[in-house]
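Student: Here is how the chains run, residue by residue.
2 protein chains.
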Amino acid sequence: MNLDRALDIARESRAQAEADYFDHLRIPSVSALSRHAGDCRRAAENLLGHFRRIGFEASLIEGDGHPTVRAEWMGAPGKPVLTIYGHYDVQPPDPIEQWVSPPFEPTVREGRVYARGAADSKGNHFACLKAAEYAMAAGGPAINLRFLVEGEEEGDSKVLPAFLEREGGSLKTDFLLIDDGSFATEGQPDLITGLRGIVYTEVEISGPVVDLHSGGFGGVAPNPFNTLGHVIAGLKGRDGRVTLPGFYDSVRKPSPEELASWQRLGITERSLLEEVGSPALEGELDYPLLERLWARPTLDVHGIRGGFTDEGTKTVIPATATAKISMRLVPDQEPGAIFASFAAHCRSLATPGTRVTVRQVGQPAPPVLCGTDHAGARAAAAAFEAVWGKPVSYLRSGGSIPVSVNFQRAIGAPMVITGFNQPGAGAHSPNEHMDLEYFHRGVDFMLRYMEELARL
Amino acid sequence: MNLDRALDIARESRAQAEADYFDHLRIPSVSALSRHAGDCRRAAENLLGHFRRIGFEASLIEGDGHPTVRAEWMGAPGKPVLTIYGHYDVQPPDPIEQWVSPPFEPTVREGRVYARGAADSKGNHFACLKAAEYAMAAGGPAINLRFLVEGEEEGDSKVLPAFLEREGGSLKTDFLLIDDGSFATEGQPDLITGLRGIVYTEVEISGPVVDLHSGGFGGVAPNPFNTLGHVIAGLKGRDGRVTLPGFYDSVRKPSPEELASWQRLGITERSLLEEVGSPALEGELDYPLLERLWARPTLDVHGIRGGFTDEGTKTVIPATATAKISMRLVPDQEPGAIFASFAAHCRSLATPGTRVTVRQVGQPAPPVLCGTDHAGARAAAAAFEAVWGKPVSYLRSGGSIPVSVNFQRAIGAPMVITGFNQPGAGAHSPNEHMDLEYFHRGVDFMLRYMEELARL
Chain A
1 MNLDRALDIA
11 RESRAQAEAD
21 YFDHLRIPSV
31 SALSRHAGDC
41 RRAAENLLGH
51 FRRIGFEASL
61 IEGDGHPTVR
71 AEWMGAPGKP
81 VLTIYGHYDV
91 QPPDPIEQWV
101 SPPFEPTVRE
111 GRVYARGAAD
121 SKGNHFACLK
131 AAEYAMAAGG
141 PAINLRFLVE
151 GEEEGDSKVL
161 PAFLEREGGS
171 LKTDFLLIDD
181 GSFATEGQPD
191 LITGLRGIVY
201 TEVEISGPVV
211 DLHSGGFGGV
221 APNPFNTLGH
231 VIAGLKGRDG
241 RVTLPGFYDS
251 VRKPSPEELA
261 SWQRLGITER
271 SLLEEVGSPA
281 LEGELDYPLL
291 ERLWARPTLD
301 VHGIRGGFTD
311 EGTKTVIPAT
321 ATAKISMRLV
331 PDQEPGAIFA
341 SFAAHCRSLA
351 TPGTRVTVRQ
361 VGQPAPPVLC
371 GTDHAGARAA
381 AAAFEAVWGK
391 PVSYLRSGGS
401 IPVSVNFQRA
411 IGAPMVITGF
421 NQPGAGAHSP
431 NEHMDLEYFH
441 RGVDFMLRYM
451 EELARL
Chain B
457 MNLDRALDIA
467 RESRAQAEAD
477 YFDHLRIPSV
487 SALSRHAGDC
497 RRAAENLLGH
507 FRRIGFEASL
517 IEGDGHPTVR
527 AEWMGAPGKP
537 VLTIYGHYDV
547 QPPDPIEQWV
557 SPPFEPTVRE
567 GRVYARGAAD
577 SKGNHFACLK
587 AAEYAMAAGG
597 PAINLRFLVE
607 GEEEGDSKVL
617 PAFLEREGGS
627 LKTDFLLIDD
637 GSFATEGQPD
647 LITGLRGIVY
657 TEVEISGPVV
667 DLHSGGFGGV
677 APNPFNTLGH
687 VIAGLKGRDG
697 RVTLPGFYDS
707 VRKPSPEELA
717 SWQRLGITER
727 SLLEEVGSPA
737 LEGELDYPLL
747 ERLWARPTLD
757 VHGIRGGFTD
767 EGTKTVIPAT
777 ATAKISMRLV
787 PDQEPGAIFA
797 SFAAHCRSLA
807 TPGTRVTVRQ
817 VGQPAPPVLC
827 GTDHAGARAA
837 AAAFEAVWGK
847 PVSYLRSGGS
857 IPVSVNFQRA
867 IGAPMVITGF
877 NQPGAGAHSP
887 NEHMDLEYFH
897 RGVDFMLRYM
907 EELARL
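Line by line, the protein sequences are chains A and B. First residue of the first sequence? That's 1 in this note's numbering, and the numbers climb one at a time after it. First residue of the second sequence? That's 457 in this note's numbering, and the numbers climb one at a time after it.
Extracted from the complex, chain A is given alone in its bound form:
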């Protein structure tokens, strides 16, 4: 591949690349909602068509869920194999009414495309796909390429983990790129060296066998919502400290070097507060900001089902209240032990008139650390520096990419976790968007990254 030629093609093809990317964004591939299963398959088939058109061998990996797209080009014998991970599924768009333009009608305002999935994570893998296309047009990539783009990252990944468990050992892979991150600061490329894990639960409190009239029974009937208040208050204090027994016992402190490097990132209380928009930040105020985000575990309630939430008044003592609660985990917390302690603690917090059921939703993910001292990371750092004109920074992410654990276990190749979109992209929020300049630089990065890996 001639790098300059490929970069020229990329520059000349920007309009077409955006058109193809926007078509991908129009598909509402919301994996968590079963009514969108057909849309998930359409998104997979859309990618399949693109990969075949540019000369890759591509197929769908089927299983108990949304299919994973597998696409390969092995035309550089003797050169390393890079496996690129992405996901074509997206978060639900709620609350819909807060979107300025509809979530599945990509709309460009001030050089940014607004659509659910624009940043998380269709923009990322689509930039890689376009880089592959231009590399093919400029003589073929200098290394071998394999894409695995799944459709279950936002929910409960089953198909890709099962495939990796089944065939991971026979997938020749020298380098792994997990392309599902994000820039943490404007114009500053970064590599992610660690991810928090997650345990996602539903806590169901049941009291009366049926919904009761609060006039007729208030004062004697247990109210699952009032009890849930005690459970939630008993899980995390006002000081942001999780009060599960033993919760922090196996938390590993980041190294002084790592903490010092985070300090240099220039992420301040003020910049975060601006993004959050609340009167103040919360959490464990006695820990530095980035340690709280990346190296401290947390507990958040996401919503509560049951009772009456419509307009007007209904004086009901509801039969059940169900809270969705998740915990973000850090090394060396173990999801199974944390869940067991959580379930027992929830039960201990209930009132005598209620029953508590605690279940896990989706696949738990242990935390991940992936290091920076390997050839894959060095090549990525060089490529980013060439595109953005400054050295990468090394940081962690507070989010989870559960499948990275499956990759580590099944393949074990040096792993790079990164992403191409600007900070504040609104992943999981209304008005998610991708800066198109970042998208195109993502393409350029991939072209250079392939060259760097070929030199090793």
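For the record, the hints were derived by calculation from the structure and aren't laboratory data. Note that the Cβ used here is the ideal one computed from N, Cα and C, for glycine as well. One or more of the hints may lead you astray.
[Unchecked claim] Some chain B residues close to chain A (C-beta under 8 Å, calculated; not the full set): (1) Gly671; (2) Gly763; (3) Gly768; (4) Ser849; (5) Ser856; (6) Pro886.
Position chain B against the provided structure of chain A, taking the given hints into account.
Tutor: This is chain B only, laid out in the frame that chain A set:
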């Protein structure tokens, strides 16, 4: 009116009475939901048609809400005027999936009709309407009758209170019957001597300006749902005691005679527990059961809006969480003072990163006491005893009938609060039902009650 003749007509007309009553139940007159506004009007017009057909002068009182049906027969000059209050509106039917038969398709099983509103309160005023019909057919009632049947009791009454304030002073009324109660024990008629009041609120906690990704922000962003847990837990203890400052200061202890009479009712922990179906009862365990239900104030959470409650996982820190919370009040608590204390206490319980907005929903209602030592109550007691063969018991209700306060203020006539349906009717619950024998005995009671009042 010939009482025996009227009772004969009632017996012969049972099938037709049920058919008319069931047609009334088919109208989904859910006042709290604006999409049912047309159905509320249909229910009012249905009653209007019945009253006109039997020879009453009837009209709709219009105003800022669902209309009130006004129907009068003043054909007994010199005799007392009885004003009968009822409401044709019903609670929302949720949770719909727990109904054995559809809520607006009345279905008879084992002598009971199942439908939303069958007991609360269409069965009550429909029995009164049928009694009026039979009295007209048997020579005309021995007293003058006025019906005021509103359509906003389950929500926020506006039309009838405004009418009472405007014209209550000129409504000649000697006796008031608030027909919106229920039997508390099987086969045992009762008169209600007191009602709890209510203040219904929404507590909105807001944190981030938009929904955030809990991976990206967990550990620094305030979570309104976690804060709401602290607010709810801080409003009522595990011991069922409301922890608002001053909440119990003006609670008046029932008289020793009243407490003793409640003891004789035979309502036990076991019978209530069976109805509630929970592992145990809760509340202020150091107070007797019926005092907790009728003479102690309470606080209940009805539902919480916001965040993600659909299937699957969404890792969101929601921008807002809104809880519906009401308090039942007893003499001499004052709704305005209680609300002010509640709002201040909620604000004091919030965490630093959140803002709290507390608003009232609907019209607050002060508690009501109406006494038993007056002619109206004695006449009702005699009529009940004739129908059911046993003396009435005197009790209170834990629920609120806000309009009874408006009646007391505007008209001031001696008030009787009662109802015809069996205990355990499922008002506000799925599978609400009315025992048809109770319905027909309600008709007989009304025929006898009119006679008793005529004798005074």
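Student: If you test the structure against every hint from before, which numbers come out violated?
Tutor: Number 4 only.
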